Amino acid sequence: MSSQRSTPPTADPREAAPGGDLAAYLQVSRGALQLEVDLQVPSGQVVALLGPNGAGKTTALHALAGLLRLRAGSLTLGGRALDDPTTGTFVPAARREVGVVFQDYLLFPHLTALENVAFGLRARGVGRVAAREAAGAWLDRVGLADRAGVRPGQLSGGQAQRVALARALATRPRLVLLDEPLAALDAATRLEVRADLARHLREFGGSAVLVTHDPLDAMVIADRIIVLEQGRVVQDGAPAEVARAPRTEYVARLVGLNLLRGVGSGPVVSVAAGGVLHVADPVDGPVLVAFPPTSVTLHRQRPEGSARNVWRGAIRALEQHAHTVRAQVTAAGHPLVLADVTPAAVADLDLAVGAAVWVSFKATDTHVYPG
Amino acid sequence: MQTPADGRGTGIPPILLLPAGLGLAFLLLPLVGLLVRTPWSELGTLLSRPAVLEALRLSLVTATAATAICLVLGVPLAWVLARATVPGVRLVRALLTLPLVLPPVVGGVALLLLLGRRGLIGQHLYDWFGLSLPFTSTAVVLSQAFVAMPFLVIAVEGALRGADRRFEDAAATLGAGRWLIFRRVTLPLVAPGISAGAVLCFARALGEFGATITFAGNFPGVTRTMPLSVYLALETDPQAAIVLALVLLLVSVLILLALRGRWLNGVGS
Chain A
1 MSSQRSTPPT
11 ADPREAAPGG
21 DLAAYLQVSR
31 GALQLEVDLQ
41 VPSGQVVALL
51 GPNGAGKTTA
61 LHALAGLLRL
71 RAGSLTLGGR
81 ALDDPTTGTF
91 VPAARREVGV
101 VFQDYLLFPH
111 LTALENVAFG
121 LRARGVGRVA
131 AREAAGAWLD
141 RVGLADRAGV
151 RPGQLSGGQA
161 QRVALARALA
171 TRPRLVLLDE
181 PLAALDAATR
191 LEVRADLARH
201 LREFGGSAVL
211 VTHDPLDAMV
221 IADRIIVLEQ
231 GRVVQDGAPA
241 EVARAPRTEY
251 VARLVGLNLL
261 RGVGSGPVVS
271 VAAGGVLHVA
281 DPVDGPVLVA
291 FPPTSVTLHR
301 QRPEGSARNV
311 WRGAIRALEQ
321 HAHTVRAQVT
331 AAGHPLVLAD
341 VTPAAVADLD
351 LAVGAAVWVS
361 FKATDTHVYP
371 G
Chain B
1001 MQTPADGRGT
1011 GIPPILLLPA
1021 GLGLAFLLLP
1031 LVGLLVRTPW
1041 SELGTLLSRP
1051 AVLEALRLSL
1061 VTATAATAIC
1071 LVLGVPLAWV
1081 LARATVPGVR
1091 LVRALLTLPL
1101 VLPPVVGGVA
1111 LLLLLGRRGL
1121 IGQHLYDWFG
1131 LSLPFTSTAV
1141 VLSQAFVAMP
1151 FLVIAVEGAL
1161 RGADRRFEDA
1171 AATLGAGRWL
1181 IFRRVTLPLV
1191 APGISAGAVL
1201 CFARALGEFG
1211 ATITFAGNFP
1221 GVTRTMPLSV
1231 YLALETDPQA
1241 AIVLALVLLL
1251 VSVLILLALR
1261 GRWLNGVGS
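Respectively, the protein sequence lines represent chains A and B. Counting from 1, one number per residue, gives the positions in the first sequence under our numbering. Counting from 1001, one number per residue, gives the positions in the second sequence under our numbering.
In short, the hints are calculated from the structure, not lab data. In this text, all values refer to a predicted model and were calculated from it rather than measured experimentally. Yeah, the Cβ is synthetic: ideal placement off N, Cα and C, and Gly gets one too. Take these hints with a grain of salt, some might be off.
[Stated by the list, open to error] Interface residues of chain A toward chain B, partial, derived using beta-carbon atoms under 8 Å:
id, residue
1, A94
2, A123
3, G136
4, T171
Could you build the full structure based on these sequences and the hints that come with them?
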């Protein structure tokens, strides 16, 4: 309970947060998962760890928080070594300057919103009155001043999320970690809370790592996206870059693109799954080709026109999306492609699973980059 | 009892209804008998007899003291059992539940052999401090605590196992050390379990008979608790025995109501 910090946190939440560059090379074994992640997050940057279930996102977060020891690697925050198995360094969670917004928030059910936010300050040795004042200011900042005396059971999902954020930031950590902070919210609340969260993280000033499996959350909130699959980093870049040039099938699916791997030779790419594609930008060697399903058109007859990529296949599946229907088209000797069509087109063309169709898309609609 | 809403009927074979009804009657009729034979008109005078009041007071004081001892020792013990990962914990847990199934009179004998004037520890207590525990109110408290503590430990351990440990992680990331987490997070979270355990423990202590009469004896005002009084009065003054039994029944019903209240309101929030 006694404060191990050299400088106790001040009570004023409006003061600038301390700088906290995070430099981590995480190696953790957890059951079948072998996590190996290189994570450098400069102060002020928000990084999203994006990946499917079981990719190791939460494990990485627990290692950063000090709830899990590294097997190998190192972890420093603002120049202070927090975990390093080679030197036997391990700073437990309670003595790290790390704030965590947990999945399901984990607000203490027996304490009021105000007491929840004040908890960290009290634990770090701030006096009762000062801690309550600071907690009140934080609740005000997240727009919940009027809910201070309420227990978590009476809060809505969005309110609980904001209390959890205030609780994590109230101790003015150098690093804040967020584990699926929006997953528990319904769609309408999510939109609003997502925008608020992005704003608070920008104002926070320290390093932030956000775990999510929702690409939209990652795109809106983060400055940088790191994609994890099976414990490894498969892609690391700015949101726009990840959205435009996905490197794996998983990412392509998330951002809604067709992604084909192949070998380029001039304007033609030999696709690994079979067939050739005509592309606009000539690239030689191993390449990835991405193109949106909206640029793929379906026809009953062989189409005439400028599209260079045309082949005959059959519809394998039809999925209803918000306002369009996504068709999967397979063909022997050609890759599987996704095509977005309107429900009206489905009716006009009499599209059904198993129906024979022609697919076509223009070379200029493809984006080719080294694979 | 009710017909399920899905229209499947209860599915109870009629042949079970007879033994079920007999079982119900077997459990409830004795209580009805007690109520029927209670001399309601003399209730006031019987209850205000000094011997009755004395036994009631002694029972309440000793059972409360025993419950306090069980809380102070039993909650930490439950904690260690729920959380310790050292080998042998399972064996300790098994041994601990022994007093649950042990005939209380055996417990009384065991306490006597340990703490009696010639007992393993008792002889030293007597030689060095002049302390003699048997046949004192302290012995009553010890007998009750011995028999009742496992109830508390099991209830609290169950509550701890059911508690979400991620709240402790959350508290740790906020800078809380183990002792603070214990006091401010985990203890409040398992408070309903501790209350339920304490109520059960109190009920068991209040009804303790075998270990008490063996280890503490039967002295009016000192070790003669309610259950002992009921048993003795039955031979000499059946009316008083009935009244005393009625009081114990009333206390039991109150305890049951308290437990249901806990279970209905406490755990869910």
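So, going through the hints one by one against the coordinates:
no.	hint	in the structure
1	A94	holds, 5 Å
2	A123	holds, 4 Å
3	G136	violated, 17 Å
4	T171	holds, 6 Å
In this structure, the one hint that does not hold is number 3.
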